[in-house]
Amino acid sequence: MGKPPKKKSLADKVRKTKTASEIKNNPFEVKINRKKFDVLGRKSKHDVGLPGVSRSKAINKRKETLLKEYKQKNKANKFVDRRFGEYDTKMAPEDKILQRFAIERQRVHEKKDVYNLNEEEELTHYGQSLAEIEKFNDNVNSDDESEEKGLLSAELTASHFGGGGGLLRKKTSEEQEEQGNQRAKSRQELIEELIQKSKLEKRERQVQREEAQELTEKLDQEWKSIQALMVKKTPKSEQTDKPEEKPKLEEYDMMVRELGFEMKAQPSERMKSPEELAKEEEEKLQKLEADRLRRMIGEDGGDGVQRPAHLSADDLNDGFILDKHDKKTLSYQDGKWNIGKETEANQKEELEEEQGEEEEESDGGEEEDESDGGEEEEEECSSEEEDGHSDLDSEQESEEETSSKPKQSLSREELKAQQEAAKAELPYTFPAPESYEDLRRLLRGHTPENQRLIVARTQKCNHPSLAAGNKLKLQKLFGFLLEYIGELATRSPPELTTVDKLIPELYTLCQMFPLAACQAMQSILGDAAHSMEEVLEVKGHASFPTLDMLIYLKVTALLFPTSDFRHPVTTPALLLICQALTKCPVRSLQDLTSGLVLCCLAVEYVSLSKRFLPELINFLSGTLHLAVQDKTSLGYTLVPPFRLAGKYSNLLVLSSSECCESWSKESLPLSVRLELDARSDLDKDHYRLNCLSTCLDLVKRCCLLYKDLPSFIHVFQPIRALLSKHLLTQTLPKPLQKFHSEILDCLKEAPLTHSRLVFEKKKPIPLKLLTPKIVEVLDYGKKRGSTREERERERLKHKYKKEFKGALREIRKDSRFLAREKLSEVMNRDAERKRKVKEKGRDKGGGAGFHKNKQSVMNKSQLLDLQKEKKRKTTHNNTTGASYHCVNLMRKYTQQSPGTQIPPGSYRD
Amino acid sequence: MALTEKRNVSSKLNPKRPKIDIESIVEGILGSRKRANDVFDILESLRSAKEKDVISAASACSKLFSTLLERKDLFIGKLPDEDEALNGDYSAEEKYHIFMRHRYNSCVEMLLEYLHHEVHEVKESVLSCLMKFAAAEGQHPLEDMDWSEHYSFPRQLIQLVVDNILSKTTDNSLLISKFQEYLEMEDVRYYVMSSIRVNVSAVMEKNKEVLLHVYQNNVFTLMSSINMPSQESELTNFMVKQEAKLEDWKATKLSDHKRGFEKMWLGFLKYKLPVSMYKKVLVILHDAVLPHMIKPTLMIDFLTAAYDVGGAISLLALNGLFVLIHQHNLDYPDFYRKLYNLLEPSVFHAKYRARFFHLVNLFLSSSHLPVYLVAAFAKRLARLALTAPPTALLIVLPFIYNLIRRHPSCRVLIHKPTAEDEALEDPYVMDEEDPVHCCALESSLWEIKTLQKHYHPDVAKAAMLINTPLPVQEDDISEVLEITTHELMERDLKSETKSVPLEFETATELLRGGDVIKQHFSLV
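As you go down the protein sequences, you meet chains F and H in turn. The first sequence begins at 940 in the working numbering and counts up one residue at a time. The second sequence begins at 2 in the working numbering and counts up one residue at a time.
Among the hints, erroneous ones may be present.
[What the hints assert, rightly or not] Okay, derived cross-link-like pairs now, DSS-like style, lysine-lysine, Cα gap no bigger than 27 Å in a straight line:
1. H:K281 / F:K1478
2. H:K450 / F:K1478
3. H:K273 / F:K1586
4. F:K1010 / F:K1775
5. F:K1702 / H:K281
6. F:K1412 / H:K495
7. H:K519 / F:K1604
8. F:K1700 / H:K339
9. H:K454 / F:K1410
10. H:K352 / F:K1701
11. F:K1738 / F:K984
12. F:K1646 / H:K273
13. H:K519 / F:K1673
14. F:K1549 / H:K280
15. H:K454 / F:K1639
16. F:K1586 / H:K450
17. F:K1677 / H:K450
18. H:K280 / F:K1639
19. F:K1646 / H:K417
20. H:K281 / F:K1586
21. F:K1639 / H:K519
22. F:K1701 / H:K462
23. H:K417 / F:K1478
24. F:K1415 / H:K352
25. F:K1478 / H:K519
26. F:K1687 / F:K1700
27. F:K1702 / H:K280
28. H:K273 / F:K1549
29. H:K519 / F:K1700
30. H:K96 / F:K1700
31. H:K462 / F:K1700
32. H:K450 / F:K1702
33. F:K1701 / H:K450
34. H:K462 / F:K1410
35. F:K1687 / H:K450
36. H:K454 / F:K1646
37. H:K454 / F:K1687
38. H:K499 / F:K1646
39. H:K280 / F:K1646
40. F:K1586 / H:K499
Note that these hints are calculated values from the structure, not bench results.
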């Protein structure tokens, strides 16, 4: 049983002694992996293997790791060899031994040789020989030591604690000579000398320090006396001093210095981010607001204190103006309060002056306000304006400062007037309105311009970058503004100028929150459409949209692009317009005006995209029909809501033809008043002609828009018939005649012929090609034609499998190795026992024969059991350790594809 | 007279506690014949100006007289004059019966008058009261006849009720809807139908060539509220239960019902109708009237007349005509030509657009139609589409595509490659009434090309389809038939939008300088 391991170990030994080249050349060591067939361009690494070498390598490795682990198993303590270089394999054993010896010697030496006088060991302190230190004692003169606190010089220690023997012992040979000279001195004397020396030193140092202090104090005093003289004109004196010191400077030096003083290129101020700008804006407004509030309450006092002294652009920062200013106030104060030297006349003059100034000031204030407003209007202030503003400011500033004191003597009326002015002025900050009512309250009673200002300021104060909730507030504000515009338009009379002023604000808000604006507009359009639908269901026709709806439709066109093929706002808006044009019967001139406004809007909506609006043409031809006197023998058909004849079919027929001469084109009001009915016939006729002219202009525009449509002729057939047969030129005023002829010319010019319709040419379908499909092969093997993820999965699976197999192999080898180790252990133990038993048997004689026999039998069976059991156990144990890598891989794999999980036991054999 | 005195006294008391009094009076009258004179109090309160009193009195009357009818306490047979009866040699019992019968008659008279009352509640309660009488009379007929030979039904009372419901002055549609409950009963329906016929002929004969809007409206409402049973087995619900000879009773026969129904309608339609009435009749004709007639072909005259009227009425008549052509083998000459001429710009704006297109789709679904006809329809519809609103366009475009799909030889309308290079004027003659001569096949659908520039994206997209060969599958136009502009708008308004493009040109004022609107309108 003991043979195979012995053999192996022997072989290993032999192998170890051989060199690498010897092994390689030995045909018994080499295993050649035969290839079945050669593949061109493939290099195989494993064509020649050295199984013996690799096995011994593996066994060695195991011995180092696994065996050690095994030996340490179930042991709490651990033997650590701390001998020098024990684990250092690189060190030669001789060196190791030498070093160890040295260390040993050192240790022994340290311990025992302290009191060994015979040895000529040198004492050191901080690596310096103590003897050396003693020798140059005088040089030790550092500041630290002079303090004499907690610091020990070697000498001192020696003298204090070392004892006489120590002192004497440490003298070097030279010192010993000295010692020989002064041998008369006793130890007592020596010590005294030492003490004296040190005391002397100490005193000297004290004296020195005192002197230095005195000197510095003196210098300080002198400096102070000079300083008082120099305070004012330091720079100048310096400048003047310089040339004195060096009267002759070379040109070059001069230039160099000049260059030094020349302004260097300053880094320009960086661009401010929108948030910062908004913040600044808000701060500015808040400041202005605070200012206004203060003035409204009527306190003027803190002005001079609060505002920083003004610096003009020309200021050299040398305090020149300040001095003058001070002086002036000083004298003023004198005149007024302190001495009262000046004559009464003088005082009067001053008073007048003050009043004048006061007036100017208030003017200036107003100007300032205005300029403030201007600034807000044009969001980017130009530098000019900035300057102007600052100038104004400075004016006011100086005035205020000059008149700050006598303010108390101002008449009450003036104060009051000032307060009023402040009140009339708008606040600079506004809270964002929470409801529509809030907005109305905010804007009530203001002029249109001020309303715009208020909205603009509200918007700036609540810029979304300033606070978290502002975005929502402003989004709401947009909705409220829309509602407000609608309300303005429904008032009688409608306040369209206000609406006009509010448009820019709406626009900016819309630009900020497109989505919210879109939703607000959509809800308005949806509501309008819904109510119209309801009316239509009941009556079958509806009334024309009111002015607010017209305004909304116009605003829609201003805020959103009308030319989009499909737009969430403009498409429904256009539908609404067209529905109104088809479903609302014209029953009065007001209706007609609304209709014409809608037509104008419709033309505007499609002016860019040139889309075809059948309803527009229908309405325009219907409108022209209203102006036809003789309604018989028509060459055209009318489309609802217009009728051939009826109560309202003569709306545009003129009552008399004389009005044509007196008529001139005027723009119609957007909001038609009710008093239209009450007007005279002439006025009505003029109104009719206005409508007609609008209508004709629109027809002309439509002609130009739709010129390129294939069915242009047919679309305009009714209009053509109307204009050429029924609305004759003679009956129309001159300006309309022009329109008339232009339209007819345009219609005549249109091409009558068209090429036939054909389908668009299709791309020919390519023939089926038989060239092979080339697929990129990234991995050799069967993993092709799949997606990237699948390939990745396959790759991982493959890798996992490989690693799994490898791990298994390793585990098996580990357990085999361990089993072998254990077996040899048992065998050794057994052999030992045998030997001992033999020994005993030999001692006791033949009486142990039976004993021995039994023992051996037991041993055999035990051994087998043990072997089996241990094998199992160790395999298990090591599996957990060695399969770690495998498990890790598994995890990765399962992460990759959560669907396929490997049961936890499956990788254990 | 003692009676009148007593009446006066009680009428003074009445206003204070009318309700309790009337109840107790009824009890009293029914309790003992001595208090028979109290019936005057009830009639008096029936005459009252207050609606409440009238209603309570009416219910009291109905209770009183129906009980009396049940007890056979009313005189049966030809009623003698009251004075005469008092003097004549009748027994006291008979005298009482005669007296009560007279009160009953006057009560009915008053109730019939109340059918013209302006308050609906009064009318309703009066009507229910009258119908109760009718039911009671049916069970206990007042005519003295051999009822084993005849069928008892209060025809006279029903006739009177119908006559009064069909008022010439007030719109009784609410009352008629109430009356509809009674029309559920087979015998009532049957006799009401004949009463209507009698009434209509009587009234209309009197007012020849004059349109009685309210009256005709009432008649129409009443007639249209008649729900005819579809099977004879359904005839089970009778107001008056006949004791014998149920088999021969006309009211139990469906054919008799149908005959009565037919006669009634024909009698009504015989006379000149206002335009709105025409429309109403035509709307329900095809499914409420024609199926219940024995000979629907009798309607041909009416329908052809209506078809020739033109406009919306023609469109509506189409429906009835279709039923006749389809189910009753009617041969209508030049039907398609007339249909072709019905196509006018107004069809796209009419209220009955969906119905019309549904029918036209049916008419043109046949694959045996000549190509020229289909092409003419397609071209005409395309031409008309130039004036149509988007909702109509969404119907018309798929419609035309379907026509072309069904008749592949019509494909030349959208694809004629042989003559590609030559440009030509549209040869189609819009004014030609005969589709044969309109030269539609020589034309192309340039109109659809025009509609590719339509402002609504859906329409433009639909029109774009002619650029490529049409897909084989037909479009289902029934989905788009009922679409409204509002729905079309909702599509855009409700759709989720992630980004909203904005106008980049800064808006500074409401009316900008370059705007069209600025040149014609001013703010003030």
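Status of the hints after comparison with the structure:
Using a Cα cut-off of 27 Å, the hinted pair K281 (chain H) and K1478 (chain F) holds, with the two alpha carbons roughly 16 Å apart. For the hint pairing K450 (chain H) with K1478 (chain F), the CA-to-CA distance comes to about 35 Å; that exceeds 27 Å, so the pair is violated. In summary, the hint linking K273 (chain H) to K1586 (chain F) is supported, as the alpha carbons are separated by about 25 Å, within the 27 Å threshold. A C-alpha spacing of about 25 Å is found between K1010 (chain F) and K1775 (chain F), which places the hinted pair at or below 27 Å, so the restraint holds.
Between K1702 (chain F) and K281 (chain H), the direct Cα distance comes to roughly 55 Å. Violation of the 27 Å bound is thereby established for this hinted pair. For the hint linking K1412 (chain F) to K495 (chain H), the alpha-carbon distance of about 24 Å falls within 27 Å, and the restraint holds. Under the criterion of a C-alpha separation no larger than 27 Å, the hint pairing K519 (chain H) with K1604 (chain F) is consistent with the structure, at around 13 Å. Only pairs whose Cα atoms come within 27 Å are accepted, and K1700 (chain F) paired with K339 (chain H) is rejected, the gap being roughly 39 Å.
As the CA atoms of K454 (chain H) and K1410 (chain F) are separated by approximately 40 Å, the hinted pair breaks the 27 Å bound. Proximity of K352 (chain H) to K1701 (chain F) is assessed by CA-CA distance (about 42 Å); at most 27 Å being required, the pair is judged violated. At most 27 Å may separate the alpha-carbon atoms for a hinted pair to count; K1738 (chain F) and K984 (chain F) meet this at roughly 20 Å. Of the pairs offered as hints, the one joining K1646 (chain F) and K273 (chain H) is violated, with about 50 Å between alpha carbons and a cut-off of 27 Å exceeded.
Among the hinted pairs, K519 (chain H) with K1673 (chain F) is consistent with the structure: their alpha-carbon atoms are about 22 Å apart, no more than 27 Å. About 40 Å separates the Cα atoms of K1549 (chain F) and K280 (chain H), which puts this hinted pair outside 27 Å; it is violated. Restraint check: the Cα-Cα separation between K454 (chain H) and K1639 (chain F) comes to about 19 Å, which is no more than 27 Å; the hinted pair holds. At most 27 Å may separate the alpha-carbon atoms for a hinted pair to count; K1586 (chain F) and K450 (chain H) exceed this at roughly 38 Å.
A threshold of 27 Å between alpha carbons decides the hint, and for K1677 (chain F) with K450 (chain H) the separation of about 32 Å lies outside it, so the pair is violated. Taking the CA atoms of K280 (chain H) and K1639 (chain F), the gap is near 41 Å; set against the 27 Å cutoff, the hint is violated. Restraint check for K1646 (chain F) and K417 (chain H): satisfied, since their Cα atoms lie roughly 24 Å apart, inside the 27 Å limit. Between K281 (chain H) and K1586 (chain F) the CA atoms are separated by roughly 25 Å; this keeps the pair inside 27 Å, and the hint holds.
Restraint check: the Cα-Cα separation between K1639 (chain F) and K519 (chain H) comes to about 16 Å, which is no more than 27 Å; the hinted pair holds. For the given pair, K1701 (chain F) sits about 19 Å from K462 (chain H) by alpha-carbon distance, which is consistent with the 27 Å threshold. Taking the CA atoms of K417 (chain H) and K1478 (chain F), the gap is about 46 Å. The hint is violated against a cut of 27 Å. The straight-line distance between the Cα atoms of K1415 (chain F) and K352 (chain H) is roughly 41 Å, outside the 27 Å bound, and the hint therefore fails.
The hinted pair formed by K1478 (chain F) and K519 (chain H) fails the criterion: a straight-line CA distance of about 34 Å is larger than 27 Å. Proposed proximity of K1687 (chain F) and K1700 (chain F) is contradicted: the alpha carbons are some 33 Å apart, above 27 Å. In summary, the hint linking K1702 (chain F) to K280 (chain H) is not supported, as the alpha carbons are separated by about 54 Å, beyond the 27 Å threshold. For the hint linking K273 (chain H) to K1549 (chain F), the alpha-carbon distance of about 51 Å lies beyond 27 Å, and the restraint is violated.
Taken as a hint, the K519 (chain H) and K1700 (chain F) pair is broken in the structure, with Cα atoms around 45 Å apart against an allowance of 27 Å. Distance check on the hinted pair: K96 (chain H) and K1700 (chain F) sit about 104 Å apart at the alpha-carbon level, beyond 27 Å; violated. Distance hint between K462 (chain H) and K1700 (chain F) is fulfilled; the C-alpha atoms sit about 18 Å from each other, no more than 27 Å. Between K450 (chain H) and K1702 (chain F) the CA atoms are separated by roughly 22 Å; this keeps the pair inside 27 Å, and the hint holds.
Simply put, K1701 (chain F) and K450 (chain H) have alpha-carbon atoms about 18 Å apart, close enough for the 27 Å limit, and the pair holds. Only pairs whose Cα atoms come within 27 Å are accepted, and K462 (chain H) paired with K1410 (chain F) is rejected, the gap being roughly 38 Å. With a C-alpha separation of about 21 Å, the suggested pairing of K1687 (chain F) with K450 (chain H) holds against the 27 Å cut-off. For the hint linking K454 (chain H) to K1646 (chain F), the alpha-carbon distance of about 12 Å falls within 27 Å, and the restraint holds.
For the hint pairing K454 (chain H) with K1687 (chain F), the CA-to-CA distance comes to about 22 Å; that is within 27 Å, so the pair holds. For the hint pairing K499 (chain H) with K1646 (chain F), the CA-to-CA distance comes to about 36 Å; that exceeds 27 Å, so the pair is violated. The suggested pairing of K280 (chain H) with K1646 (chain F) is violated, with an alpha-carbon distance near 41 Å, which exceeds 27 Å. Distance restraint check for K1586 (chain F) and K499 (chain H): the Cα-Cα separation of roughly 50 Å exceeds the 27 Å cut-off, and the hinted pair is therefore not satisfied.
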